[in-house]
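S.K.: Chain by chain, the residues:
There are 2 protein chains.
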Amino acid sequence: MTRRGRLGAYTFRFFAAAFLLLLAMPALTMPVRAEDGYDLWLRYRPMETSAQAQYRPLATAIVSEGISPSLDAAKTELVRGLGGLLNRPVGAGAVQDGAIVIGTPTSSPLVAGLKLPLSALGKEGYLIRSISLSGHAVTIIAANSDIGVLYGSFALLRLIQTRQPIARLDVSSAPRLKYRLLNHWDNLDGTIERGYAGHSIFDWHKMPDYMDPRYTVMTRADASVGINGIALNNVSADPWILSSMYIEKVAALAAVLRPYGIRVYLAAKFSAPVELGKLKTADPADPQVQAWWKKEVDGIYRRIPDFGGFVVKANSEGQPGPRDYNRSQAEGANVIADALAPHGGTVFWRAFVYSEKDPTDRAKQAYNEFKPLDGKFRDNVFVQTKNGAIDFQPREPAHPLFGALPKTNMAMEVQLTKEYLGFATHLVYLPVLWKEVLDWDTMAKGKGSTVAKVIDGSLEGHDTSAMVGVSNIGDDRNWTGAPFTQADWYGFGRLTWDLNLTPEQIAREWLGMSFTNDPAFANAVVPMMIASREAVVDYMTPLGLHHMFATNHHYGPGPWINDLSRPDWNPTYYNRADAKGLGFDRTPSGSDATSQYAPPLASLFAGPDIPDRDLLWFQHVAWGHKMKSGRTLWDELIVHYDTGIAEVGEMRRTWAAMNPYVDDERWSQQVAFLAIQEKEAQWWRDACIAYFQTFSHMPMPAGHSAPPHDLSFYKAIYIPYAPGAPGVTSAAFHNKPKDPIE
Amino acid sequence: MTRRGRLGAYTFRFFAAAFLLLLAMPALTMPVRAEDGYDLWLRYRPMETSAQAQYRPLATAIVSEGISPSLDAAKTELVRGLGGLLNRPVGAGAVQDGAIVIGTPTSSPLVAGLKLPLSALGKEGYLIRSISLSGHAVTIIAANSDIGVLYGSFALLRLIQTRQPIARLDVSSAPRLKYRLLNHWDNLDGTIERGYAGHSIFDWHKMPDYMDPRYTVMTRADASVGINGIALNNVSADPWILSSMYIEKVAALAAVLRPYGIRVYLAAKFSAPVELGKLKTADPADPQVQAWWKKEVDGIYRRIPDFGGFVVKANSEGQPGPRDYNRSQAEGANVIADALAPHGGTVFWRAFVYSEKDPTDRAKQAYNEFKPLDGKFRDNVFVQTKNGAIDFQPREPAHPLFGALPKTNMAMEVQLTKEYLGFATHLVYLPVLWKEVLDWDTMAKGKGSTVAKVIDGSLEGHDTSAMVGVSNIGDDRNWTGAPFTQADWYGFGRLTWDLNLTPEQIAREWLGMSFTNDPAFANAVVPMMIASREAVVDYMTPLGLHHMFATNHHYGPGPWINDLSRPDWNPTYYNRADAKGLGFDRTPSGSDATSQYAPPLASLFAGPDIPDRDLLWFQHVAWGHKMKSGRTLWDELIVHYDTGIAEVGEMRRTWAAMNPYVDDERWSQQVAFLAIQEKEAQWWRDACIAYFQTFSHMPMPAGHSAPPHDLSFYKAIYIPYAPGAPGVTSAAFHNKPKDPIE
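Chains P and H, in that order, give the protein sequences.
The numbering of the first sequence is this note's numbering, which starts it at 1 and goes up by one.
The numbering of the second sequence is this note's numbering, which starts it at 1 and goes up by one.
A few of these clues could be false.
When the alpha-carbon atoms are kept at most 30 Å apart in a straight line, the in silico BS3-like pairs for lysine-lysine are as follows [to be verified]: (1) Lys679(H) with Lys715(P); (2) Lys278(P) with Lys715(H); (3) Lys715(P) with Lys280(H).
Since the hints were made in silico from the structure, they are not lab data.
With the hints as constraints, model all of the structure from the sequences given.
M.R.: The following block contains the structure:
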């Protein structure tokens, strides 16, 4: 061996060792950033080496001929995403093997030359196709609009993030719903009504001079799942949001959202003409009021040309509305719709109305009020209807308004923030709940008249469609307060784009993008997520029970509460527990809410064949009633509670075993949260059984233990400052002191 | 060349190239985390390569013989810090060249054998020394307690972080003050009174089941600068914090803080015996009340053996106190002190008292109330006195109580959160302000009786000492709301450890640890930080003006405000602008507040030689009064306002040029904030001049432009939901509508 050779071998060994050391070094020396969830499902961490080798040749450069803010956003996302995943820079380049060519026929001669079948994609759809271009194997992302290209870019990244093959792609996709909106229930003072992920991310005070970079991250996440509108403020609205001072801030946010195809909406207070405009009335028939809305809206559009419109909560829980002036909900909606129509804006008019002055079953009131108004709303109005007739319970039958307003644009409102689901600390995967409602058959036009077909407009031939989610986003570092709550944000967007996706598909995608694509992980965690929804129904409100929640904050059980000013805010109003039995008689012998459903459903719910899961929602049932299982109602109830707790125990064990797949920070947080969930599931079960037993006087079934305390113990549990409750102040608690420490 | 040689050379080249590529890669492919400020001054980013080479031989391993939570914290910090800075793992090891040996004589035979001079270091001090041990050059970090070792470890890291030589160290350091405390003004509902960095980081609702990892990061930062106690809740206290439910949560936090030598304190509401204990009175002379405090405190210590004690805001701004029962402040403090004494706990009894029923000049009231009580407070009571007699103004003369209570333990309270200093968006480096007060000569025992000597106990021979800062920490990602506000947290701790440090030294350390040690950076930015304090005085309240702030939120100017329920909440109460002149006559011909100072100061402040900077604080001066500069008061005032604005302009230019030294995220945020600061400096100047001109009727001096709007414009500016104001609710604004958008 020559000297040179020896040196070569030596340096070879040195450099090889150094090379390997460097490869290993990030783990050793650079303080590895804990995975705090900030990057959501757009993590773009380097793939495993084998996958890098497989995908690198298929993503060598970005070819984009056009220039626009949305195309730039698409390019930037591809550069960021591919660079991260493939662990090497991917930049702009020419047509070559592995190039990704993005554009529209208008912006890109290359794309125009391909004569792709884009017509069915509409304004927002995209096509991704592997083709040969000038002899090079390339991937085309094409659309009719730059926004469509952006959606296609996110879709290609998702395919790579979830390790789908991309060598022979022929994918086209267009959104099923036209309006895919989030409603932030954020107050201008920074609190969030029903927010469990910290406070509002909107730092209004510093806007427009300082725009937090987080707004852009949130916007990217929204756009990546197809959300195309957000309402910035609480539906219990502050009129100040419509002042010129705030519109200037809103315009600055709209500028952040615009390249990502997201329009800004605002919750408008119906009485704003009085509060801001100094008028004597907000009567929609008053010409001054009409003029005020027109002037206000014109002013907004001068600053925000793509302003989306308004969400309005009127005559609901203390909010003003047209009924204050003896006008109908339609007249109220239309005065605002008329102001918006010339600009292409939309009113989302909430159907969540009920009155403490109306002794009618609360579940019936929205239907009663809106049914006669069918056909009276302007074309640019949606009646925004919660998924169920009460209020985002763990399970509700679908709202009877679905299918009942054929001449009205119907939007479904669901809740991402877990107001009635144990807050962010409880793992409850919500797409399961939403899918159940979407699949609900209203029978309005015979079998197959699903809620999905109502809201996508196909059942009645509407050319517009919408679904709205109440956001779970706050200023917590991980955005939504817990590792798994991000899945609800992700899932909401994906589902509104494609109502046919299953909760399993969505969960698997999200897990792969957020944690790992290791099949062993998904095989354990997907079933856990799917089961989580039935678990919460079982440990909180089994068999059709609903609204058993403690007052105001809705944290923990309060089935005994009967002293609130409004009868329909009391849990006893809903559970009707008495010596005879349990449940709300909504059959014709009771409130007759069943008759608001199509006849086949009405008779099912009023009769003996009613499914167990809806039983106590519609019927008052004797404690000793024999259930389908052969058990008495009492025993069945307890079995369900204990099944729910057991399921959470199973979730804990599943997650504990996931340690090898998950970073410490997220894993540990979820471990702590599942422990809280199990403790609180037990609390729910014990408190409810202790209360119901005062009526049933029946013994615990064999193998099921009695609550460890008596009812007074559970009644005395008092939670000050539970998050998310509206108007919580220190003063509220001073009348309810607790003993000092002993 | 042999084949092998050739191959060797080839592979050599390949690996060398790959090696270099890998070195360069983090910048290219791994999405570099923006510097969001989360790591504070404990960033531990890899040093420049030359520095790594220099320091690596001096830090090769950690030798720690003892085991305790505090020693573990020290070890962990050294492993984290050295590993990051030196960019290679540094772990536990044996005595060898470059070893860092840590311990106390008790825990470490090695340290005990060295017979180091530790006796003067007290319980918290440390010694760092380069020595030869068994023939090896090592660095010793020794102390009398494990906490001292932790402080020494942070000190060694600081030396490396600021690129000080560490080969021949002989450093010993002990804290000048015994109690170095932060008061968090965090409410249990998550809001922070006067907080401008988001909401509270204390997520009480999830405690104790989930302890956010941020608590540990905050604790490390506190300990790194020597802070040894934190009060967790607002001094306008909620009695609930003393309930058993909350004490369980507090105990969990105390467990996080304990290894870092930080004791937990709570703000106690004086009326807690009534609210929590269901007693009829909180009269400190009532035996039941005395028994209640004893029982409460005993209960707390059972759960938190190292509990620090209480901060009490009594008979101040609506808070209950001993005066409600015709008892003195001393009797109030002592009842709580007696309960704490057996456990070693302390009461920090705030001197911030003033009454709307007392027509006396507010600046005099605390002195009048506390002066007669000197010697009446228990040994474990501090009278916690704000730096000035009013309330954390941009500049105040030192509080007359300093030097006036020789038989009383005096703690000085300063404010880190910038309630009266433009909030977090204004860059105002506070150690300059604190140092000015510490250096203030009270003349109480002749020349040299500085405030520093009062609070370190040396002036009157007290064996205890304390300084308290109102925290600026919130749940913003960067902790304090802005890049530069972190310097105030850092500086507060450093200064309480060593009152002799200069603001320049502290700034230079902090900049090196937080940004870069490039001298060009510090040479530009240190002077900018130092100048920032005088700038805010000039553009807000020059020449001794004070409390010109808009109502409640204290955001922006309101010198005209005269309609508040308490006369001493009105800016007009303080500026006394009238046809004759401007300023508060506190000379013997006026309120005679000057007489509360030692005679030499009293006559200085009442006479013609008063320094310009305190002029309008103590004297009412004619508009045409000839100042030392030769200008009239009116002209001088305007010159000061414009000097302040010009200084902010200079700060903007300085910072703009720092782009090469700073990451984009922090640089851009500070650029935006300085633009806000300049805009608001102009607003302050214009609004105040417009108001004062209605009295002076004097023209603008040559070269100084008139305010662009008339006074009514500035009066009409209305800021809803400014952060940090207590009790802000939507309802407050509904009576003050603003026009809708035009």
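S.K.: Taking the hints in turn, state whether each one holds.
M.R.: Verification of the supplied hints:
In summary, the hint linking lysine 679(H) to lysine 715(P) is not supported, as the alpha carbons are separated by about 55 Å, beyond the 30 Å threshold. Taking the CA atoms of lysine 278(P) and lysine 715(H), the gap is near 20 Å; set against the 30 Å cutoff, the hint holds. The hinted pair formed by lysine 715(P) and lysine 280(H) meets the criterion: a straight-line CA distance of about 26 Å does not exceed 30 Å.
Checked against the numbered hints given earlier, the structure breaks only hint 1 and satisfies all the rest.
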